Amino acid sequence: MNNIVERLSRHPGIRFSCLLKGSQVVDSNFPPEKTAQLNREAEIIRAIFQGVRFAEKDYQAIHLQGRDQLLAGYRFKNDHLLLLHADSSFSLEEMDQLLHCLKG
Amino acid sequence: MSDQKIVFFGPVGAGKTTAIRAVSEIACIDTDAQVSDTTSSRKSTTTVAMDYGCITTAFNQRVHLYGTPGQERFQFMWEMITTELAADCSGQILMLDNTRNSPQKDLIFYTRVFRQLAGDKPLIIAVTGSDQNPSPTHAHYRGWLAELKLEAPVYFIDARRADDVRFLIDETLAVPTLPSSASILPDSTPVLEEEYSLDDVLHYKALPLQFSPARLNDINGLTGVKGIALLDPADNLLNSTLQDTHLDELLRFLTHVTPLLDELPDLGDIEHLILTSGQSDHFSVFIADQHALGILCSNQVTNRSLRQQIENILQWRPA
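As given, the protein sequences belong to chains A and B, one line each in that order. Mapping the first sequence onto the numbering used here, position 76 (from 1) lands on 76, and the numbers just tick up by one. Mapping the second sequence onto the numbering used here, position 274 (from 1) lands on 274, and the numbers just tick up by one.
Careful, some of the hints might be misleading.
[What the hints assert, rightly or not] Cβ-to-Cβ under 7 Å is the rule here; a few derived chain B residues that face chain A:
no.: 1; residue: Gln-61
no.: 2; residue: Leu-85
no.: 3; residue: Leu-145
no.: 4; residue: Phe-253
no.: 5; residue: His-256
no.: 6; residue: Pro-259
no.: 7; residue: Asp-262
no.: 8; residue: Leu-264
no.: 9; residue: Asp-266
no.: 10; residue: Leu-267
no.: 11; residue: Glu-271
no.: 12; residue: Leu-273
no.: 13; residue: Leu-275
no.: 14; residue: Val-301
no.: 15; residue: Asn-303
[To be verified] Pairwise CB distance ranges, derived in the manner of DEER restraints:
no.: 16; chain 1: B; residue 1: Asp-232; chain 2: A; residue 2: Arg-10; range: 40 to 50 Å
no.: 17; chain 1: A; residue 1: Thr-35; chain 2: B; residue 2: Leu-260; range: 41 to 51 Å
no.: 18; chain 1: B; residue 1: Pro-213; chain 2: A; residue 2: Asn-39; range: 25 to 35 Å
The hints are simulated quantities; they were obtained by calculation from the structure and are not laboratory data. Fair warning: this is a prediction, and the values are worked out from it, not measured in the lab. Ideal Cβ placement from N, Cα and C applies to all residues, glycine included.
Sequences are here, hints too, so could you generate the full structure?
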């Protein structure tokens with residue numbers, strides 16, 4: 001997971017990303033003026049993951065697609081959460097493969 | 001005789017294959033397959049690799065015409081055509097369909113992708129279906145192109161008419177011939193002043209996607225779709241083919257998530273959300289017109305492919 005934010009930033013289509021552990025930011029390239037937005041989005045994504053615990057499936061990712069941008073949240077072990085903003089046309093499969101490589 | 005190349009691209013059903021067939025002097029090479037994804041009532045076949053035709057201009061130029069498949073899942077063919085087969089093309093013709101719900105979205109998407117692939121080739125916008133849906137108008141398209149900082153003439157055409165297509169080809173090759181067809185409205189044609197209303201351009205709203213029963217059947221029949229459920233704005237179940245356990249899961253998910261989405265104003269209106277797990281399937285939820293369409297999908301089908309297929313089904317306005 002080291003340098004994941006920096007490595008994601010090289011990928012076209014990904015605007016900002018942030019790695020959190022619990023509520024603590026581990027690494028982020030969200031601009032300072034988006035801090036409040038980042039905190040709110042992290043809270044919402046956590047709440048969504050919390051709320052789908054009823055399901056038998058272990059949900060690991062949620063993608064919320066607006067008209068112009070995508071907000072994605074990925075849950076990892078040890079209470080890590082990766083948030084990212086990407087272009088709405090960004091391929092989710094590409095993202096999954098990218099994360100798989102970065103984690104590997 | 002010099003050789004020129006032109007690439008036709010744009011969404012599925014916009015008339016690319018029809019246009020090339022209308023003018024080609026050789027038997028067109030096309031790669032149509034029976035439609036399995038978009039609404040079969042719309043068209044029976046679709047291009048899966050490319051169309052190819054050839055025409056000779058009055059200036060003794062042989063023009064090779066390449067048509068790309070519309071579906072995004074054939075993007076590898078877009079790349080092959082634009083960066084290899086027709087990398088040296090003289091220009092591109094983006095065909096848009098006025099009967100789809102959001103031609104603006106199509107314009108933005110296809111210009112962005114093809115600019116990335118092919119660079120700044122001369123571009124012409126050809127709009128079909130304006131006989132059925134006059135709006136968006138020239139003014140809309142011109143406003144959107146200005147926002148995209150793109151310079152491209154816009155023509156409303158009938159892709160079945162050889163004269164219309166020949167005109168596009170001549171324009172792309174910068175041959176200043178005028179169309180014999182009266183149906184063509186070139187960019188320079190005077191347009192009523194009110195058509196240029198800034199307010200009109202700024203406040204153009206695409207029609208909302210519509211979840212009609214026939215379209216739900218089409219979606220339910222897509223490869224990789226295991227079941228669907230449609231909910232109204234009050235979360236009442238209108239239609240479902242999901243098994244009870246999956247339906248229960250979807251309803252609980254939506255009940256939990258929907259109020260949270262209102263707390264994400266920076267994201268704008270959320271149109272699509274996907275919840276994935278390491279299991280063999282996942283939920284994909286489309287939100288339109290305050291209705292939610294939940295789809296249980298196999299992980300074997302990519303979200304990109306599925307999304308475009310579903311959007312294609314929902315794009316067309318009722319006949």
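Exercise for the section: With chain A as the partner, please determine if B/Leu-267 meets the hint condition of a C-beta pair closer than 7 Å. Expected result: 4 Å, holds
Practice task
Starting from the hint 41 to 51 Å, judge whether the C-beta atoms of A/Thr-35 and B/Leu-260 obey it.
Solution key: 20 Å, violated
Problem - When the least beta-carbon distance from B/Gln-61 to chain A is tested against 7 Å, hint result - result: 35 Å, violated
Exercise for the section: Would you check whether B/Leu-264 satisfies its interface hint, that is, whether its CB is within less than 7 Å of any CB in chain A? Expected result: 6 Å, holds
Problem - Hint validity - B/Leu-273 Cβ closer than 7 Å to any chain A Cβ - result: Holds, about 5 Å.
Practice task
Classify the hint on B/Asn-303 as holds or violated, based on whether any CB of chain A lies nearer than 7 Å to its CB.
Solution key: At 5 Å from the nearest chain A Cβ, B/Asn-303 passes the 7 Å test, so the hint holds.
Exercise for the section: Under 7 Å, Cβ to Cβ, is where B/Leu-145 needs to be relative to chain A, so tell me if that hint holds or is violated. Expected result: Given a least distance of 18 Å, the restraint on B/Leu-145 is violated.
Exercise for the section: Closer than 7 Å between Cβ atoms is the bar; does B/Asp-266 clear it against chain A? Give me holds or violated. Expected result: Nearest chain A Cβ about 5 Å off; hint holds.
Exercise for the section: Under 7 Å, Cβ to Cβ, is where B/Leu-275 needs to be relative to chain A, so tell me if that hint holds or is violated. Expected result: 5 Å, holds
Practice task
Answer holds if the nearest beta-carbon of chain A is closer than 7 Å to that of B/His-256; otherwise answer violated.
Solution key: With Cβ-Cβ at 4 Å, under 7 Å, it holds.
Exercise for the section: Verify the interface restraint on B/Val-301: the C-beta must sit less than 7 Å from at least one C-beta of chain A. Expected result: Because about 10 Å separates B/Val-301 from the closest Cβ in chain A, which is outside the 7 Å limit, the hint is violated.
Practice task
Return the status of the interface hint for B/Phe-253: holds when the least beta-carbon distance to chain A is below 7 Å, violated otherwise.
Solution key: 6 Å, holds
Checked against the numbered hints given earlier, the structure breaks hints 1, 2, 3, 6, 7, 14, 17 and 18 and satisfies all the rest.
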